[in-house]
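Trainee: Sequences are here, hints too, so could you generate the full structure?
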Amino acid sequence: MATLHMLSHSPFGDGRLESCLRLLGSRDAVLLCGDAVYALQQAGAPWASLQKSGAQVFALAEDASARAITAHASATLVDYPAFVQLCLDYDKVNSWL
Amino acid sequence: MSKSMLVISRQAPWAGPGAREALDIVLAGGAYDLPLGMLFLDDGVFQLTTAQQPGDIQQKNLSANLQALPMFGIDELFVAASSLERRGIAADTLALPAQCLNDSELAALVDRYDQVITL
Chain A
1 MATLHMLSHS PFGDGRLESC LRLLGSRDAV LLCGDAVYAL QQAGAPWASL
51 QKSGAQVFAL AEDASARAIT AHASATLVDY PAFVQLCLDY DKVNSWL
Chain B
1001 MSKSMLVISR QAPWAGPGAR EALDIVLAGG AYDLPLGMLF LDDGVFQLTT
1051 AQQPGDIQQK NLSANLQALP MFGIDELFVA ASSLERRGIA ADTLALPAQC
1101 LNDSELAALV DRYDQVITL
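Chains A and B, in that order, are what the protein sequence lines are. Heads up: the first sequence begins at 1 in the working numbering, then just goes up one per residue. Heads up: the second sequence begins at 1001 in the working numbering, then just goes up one per residue.
Careful: at least some of the hints might be erroneous.
Between beta-carbon pairs, the in silico distance windows are [as the list claims (entries may be wrong)]:
id, chain 1, residue 1, chain 2, residue 2, range
1, A, GLU18, B, ALA1108, 11 to 21 Å
2, A, CYS87, B, GLU1021, 21 to 31 Å
3, B, ASP1024, A, ALA45, 28 to 38 Å
4, B, ASP1075, A, MET1, 16 to 26 Å
5, A, ASP91, B, ASP1075, 23 to 33 Å
6, A, ASP89, B, TYR1032, 40 to 50 Å
The hints are simulated quantities; they were obtained by calculation from the structure and are not laboratory data. Here a beta-carbon is modelled for each residue, glycine too, at the ideal position from N, C-alpha and C.
Mentor: Now the structure itself:
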C-alpha cells in the first residue's frame, strides 16, 4: 500500500526527514509543508537526500513562496485542493507529528 | 474486519507527552481488540531501556504501561535496528520483546498496515 509521508518540521531541526527516508517504500511519496519546505533548498543536504532516495516529492506552493524557496523541477508544487487530492490518492497518510 | 494501525513512537520518554500519548493510543486500541502494531524509532528506543528512575525527575514510570502491552494483546512490537545502533543500545537489553528490524524491513512494515500514526 502506497503511503504519503507528510512532513511539516524543518529538516535542519531534527531527524524526521532522515528517518522518513529510511522507511520509505518504493511507491511512497513525500509531501512537504510548513517549515519542511526548507528541504527543497537546492544546495542543501536535505534536498540531496531526497533526490538520492528517488522518492516523489510534493510541496505546498504557498509555504515555499512564503519562504522564498525555489523548488527543483523534479519537485511538484501543489495548492491546497491538490494537497487534499493527494491525501485521497494514496492508501494512507503518515503525518510525522 | 477492523483496519490495522501502526503507531510509530519516536520521542524519548521524558521529552514531553509524546511517548506516553503514543502508548495510550496503542493501549486504548488494544482494549478494543484492534489489530495494532507499535514501532519504536529514533529517540523512541530510549523508552525501552531498563533501570530508568523517572521518579528522580518527578515523572511517572512508563515501563509499567509498556509492560502492559502484551497483556492488552499488542504483540506486534518492533524496534528500528539503526536507531538502536546509533544510540549504542544492544537489542538484547530491551525492556520489551520487540522485533528488531532493518531499514528495508521497516518499509515493508509500514506498507502492510492500513493506517500509520507517527508521534
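Trainee: If a hint holds in the structure, say so; if it does not, say that too.
Mentor: Comparing the hints with the structure gives:
no., hint, result
1, A:GLU18 x B:ALA1108: 11 to 21 Å, "19 Å, holds"
2, A:CYS87 x B:GLU1021: 21 to 31 Å, "23 Å, holds"
3, B:ASP1024 x A:ALA45: 28 to 38 Å, "35 Å, holds"
4, B:ASP1075 x A:MET1: 16 to 26 Å, "22 Å, holds"
5, A:ASP91 x B:ASP1075: 23 to 33 Å, "24 Å, holds"
6, A:ASP89 x B:TYR1032: 40 to 50 Å, "29 Å, violated"
In this structure, only the earlier hint numbered 6 is contradicted, and the remaining ones agree with it.
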